[in-house]
Amino acid sequence: MKGHRIMWNKTLAAAGLLTAVAAALALPARAAESGGDSHGGAVPPPISWSFAGPFGTFDQQQLQRGFKVYREVCASCHGLKFLAFRNLADPGGPGFSEGQVKALAAEYKVKDGPNDQGEMFERPGRAADRFPEPFPNEQAAAVANGGKAPPDLSLMAKARTYERGFPWFIFDAFTQFAETGPNYIHAVLTGYEAAPAGFQMPDGGNYNRYFPGHVIAMPKPLNDGQVDYKGPDGKPQAPETIDQYSKDVSAFLMWAAEPKMMARKEIGFKAFIFLIVLAGLVYFVKKKVWAPLHDHPETA
Amino acid sequence: MEGHSTYVPKSGIARWLESRLPIGGLMHSSFIAFPVPRNLNYFWTFGAILMMMLVVQIVTGVVLAMHYTPNAKLAFASVEAIMRDVNFGWLLRYMHANGASMFFIAVYIHIFRGLYYGSYKAPREVLWILGVIIFLLMMATAFMGYVLPWGQMSFWGATVITNLFSAFDEIIPGVGTWIVTLLWGGFAVDNPTLNRFFALHYLLPFMLAGVVILHIWALHHVGQNNPTGVEVKNVRKDTIPFTPYATLKDTVGTVVFLLFFAWFLFYIPNYMGHADNYIEANPSVTPAHIVPEWYFLPFYAILRAIPSKLGGVIAMFSAVLILAAVPWLDTSRVRSASYRPLYRQFFWVFVLVCIGLGYLGAKPPEGGYTIAAQILTFYYFLHFLVILPVLGLVETPRRLPGSIAESVLESTKGGSATAVSAGPAGAVASPQTKG
Chain A
724 MKGHRIMWNK TLAAAGLLTA VAAALALPAR AAESGGDSHG GAVPPPISWS
774 FAGPFGTFDQ QQLQRGFKVY REVCASCHGL KFLAFRNLAD PGGPGFSEGQ
824 VKALAAEYKV KDGPNDQGEM FERPGRAADR FPEPFPNEQA AAVANGGKAP
874 PDLSLMAKAR TYERGFPWFI FDAFTQFAET GPNYIHAVLT GYEAAPAGFQ
924 MPDGGNYNRY FPGHVIAMPK PLNDGQVDYK GPDGKPQAPE TIDQYSKDVS
974 AFLMWAAEPK MMARKEIGFK AFIFLIVLAG LVYFVKKKVW APLHDHPETA
Chain B
3 MEGHSTYVPK SGIARWLESR LPIGGLMHSS FIAFPVPRNL NYFWTFGAIL
53 MMMLVVQIVT GVVLAMHYTP NAKLAFASVE AIMRDVNFGW LLRYMHANGA
103 SMFFIAVYIH IFRGLYYGSY KAPREVLWIL GVIIFLLMMA TAFMGYVLPW
153 GQMSFWGATV ITNLFSAFDE IIPGVGTWIV TLLWGGFAVD NPTLNRFFAL
203 HYLLPFMLAG VVILHIWALH HVGQNNPTGV EVKNVRKDTI PFTPYATLKD
253 TVGTVVFLLF FAWFLFYIPN YMGHADNYIE ANPSVTPAHI VPEWYFLPFY
303 AILRAIPSKL GGVIAMFSAV LILAAVPWLD TSRVRSASYR PLYRQFFWVF
353 VLVCIGLGYL GAKPPEGGYT IAAQILTFYY FLHFLVILPV LGLVETPRRL
403 PGSIAESVLE STKGGSATAV SAGPAGAVAS PQTKG
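Heads up: the sequence lines are chains A and B, in that order. Quick note on numbering: the first sequence equals residues 724 to 1023 in my numbering. Quick note on numbering: the second sequence equals residues 3 to 437 in my numbering.
Hint data in this document are derived by calculation from the structure and do not stem from the laboratory. Heads up, a few of these hints could be off.
[Stated by the list, open to error] DEER-style ranges, computed between Cβ atoms:
1) A:F778 <-> B:E233: 51 to 57 Å
2) B:R22 <-> A:I893: 53 to 59 Å
3) A:K1011 <-> B:L384: 44 to 50 Å
4) B:F90 <-> A:G1003: 46 to 52 Å
In this text, all values refer to a predicted model and were calculated from it rather than measured experimentally. Glycine is no exception: its CB is placed at the ideal position from the N, C-alpha and C atoms.
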């Protein structure tokens, strides 16, 4: 036991020394990075999401509101190509009924064909159809939007992040923090502000506090009161503010990017219970089988 | 170590088979009667854990291949279809992607265990070298696997790493370019690259499995090392049969490792990945930072620490290959670090240097990061080329226990009978008493 302790003390001392050296070396580089501000925008503020943590679930009402924001605001420029209308009725999602999905799909025009005459034709959408793209091709999308095609949003909540840095990225593995994507989307949507004095704004650019480099091509998309959140009783179901719209659409995009999240966490919990019980059982079986060896090491 | 088998086929069919193909006896002597040192601690369960991870990767991988489309235009969408439309496709894909990381975590623990306890020393040099070959095959497989989803990091990682081979033009003009063209199947990373990477990604694990069989064969021929590093002297006193003892201990280790795996798989499945890989590959847009998967980061740091391209490539490959020379670089007569007071400290410093290199590999190659990476790269090679050979000559090892049985006796009897060497033996045997 004594030998062990000495070993660990020395190891800890060495670890401390090395960490200090590493930190000393890392600091100047870090200062240069954040001081120059060439790499990124400000760190997005953390949001308390319903879907965070091991028992996190999507809030159906929030996903429905987020979908409304997407449909009325984002969809004119941004596609959602990996999603089908039917997904809106899938378990663990916004929870629309099949009838609602059918009616919604029918509002879209979908290109199909060729028919018996060899011609392409347009028909009303069906639940199995994917969301139609807002532009016929990437070039058309780019030319209509100042030279850069608006990105598809299907995976946006997993395709964007910001640097957590040491030591936070280590803590994240323990706290299961995995919501940088939606935090970032919310931050960008709420981060439009006047450029600071002396900031060189290129043509067609907009200043955003959180967008890397601060120059974003997308004009400010949301305004207070823009999307109607009134329920059947005529009262808004949630605040009709930029902040709330941004939260709702970020949550919706998290679901769009990870539609099986709730199933994953539910199965994960069952797997954990199973594995913990199994680990206990095999541990005690092992202990029991090994016990005679410890009492009489010479008889095996 | 084999030849211990007492296998007697019980049924008529087994007897019939045994006289034609003695597979029952082989299995029995390898996994039932095989004598295992009685003092192995839980670090010795990583062999079984790695075997399980290889099976997990192959099984999930084969099913994923049924749904995946290796075409540059369709690959990204086919992976999304697996995630969204295939029954439990998300589970398969996250299991495979995180499984790769778990495989590397386990293999790094396994390698460092070997380094700590001197498991590479005679007569286990070939066993160790086979392990280095497995490690190389794993790296190649993992690299090509990461290219398959055809995201931005897949594409640009493939571009950066395959381009490294062009450095060989500096040795023989034309050879580097020829290798790169061969890897690409053209003049840029494109559909042919994806196709051959997919074919090789499917092939290499089976070659890996073949080398694993050789690795186990070599292991069963020379026998397992143990925390004291003292060879088995008396099979009856120093060893216990593989089944039930090692089988059960391996099962405990494996289930606990599965818990660790499940934490990532079910709750933070994208923790080890890069957000950029959820953006489809686009040859005209370069990501801000091209970073390989975490398990390559120490080697990536070494690559970038050397100012010349060819030098960096040579240093990176040498960093892996130097492991194969460790049996001859280490001059100590004593295997286990438990009895090597100086080596034990240098071992832990080396572990920290590797972690430090991993951290620096994820950082942009500029300013203080580059200088730190250069210092640590220098130390990495210093450890193998200078520290290991010199230590064996200058270090005074502690007194070794007379046998494995003696070290176990000392720890279980609390040192009452033989208190002479209680210090080192206690250090060695404490994991055993915990187990």
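Status of the hints after comparison with the structure:
Between A:F778 and B:E233 the beta carbon distance is about 52 Å. The supplied range of 51 to 57 Å therefore holds. About 57 Å separates the C-beta atoms of B:R22 and A:I893, a value consistent with the hinted range of 53 to 59 Å. Our hint of 44 to 50 Å for A:K1011 and B:L384 holds, since their Cβ atoms are close to 48 Å apart. As the Cβ distance of B:F90 to A:G1003 is approximately 27 Å, the hint placing it in 46 to 52 Å is violated.
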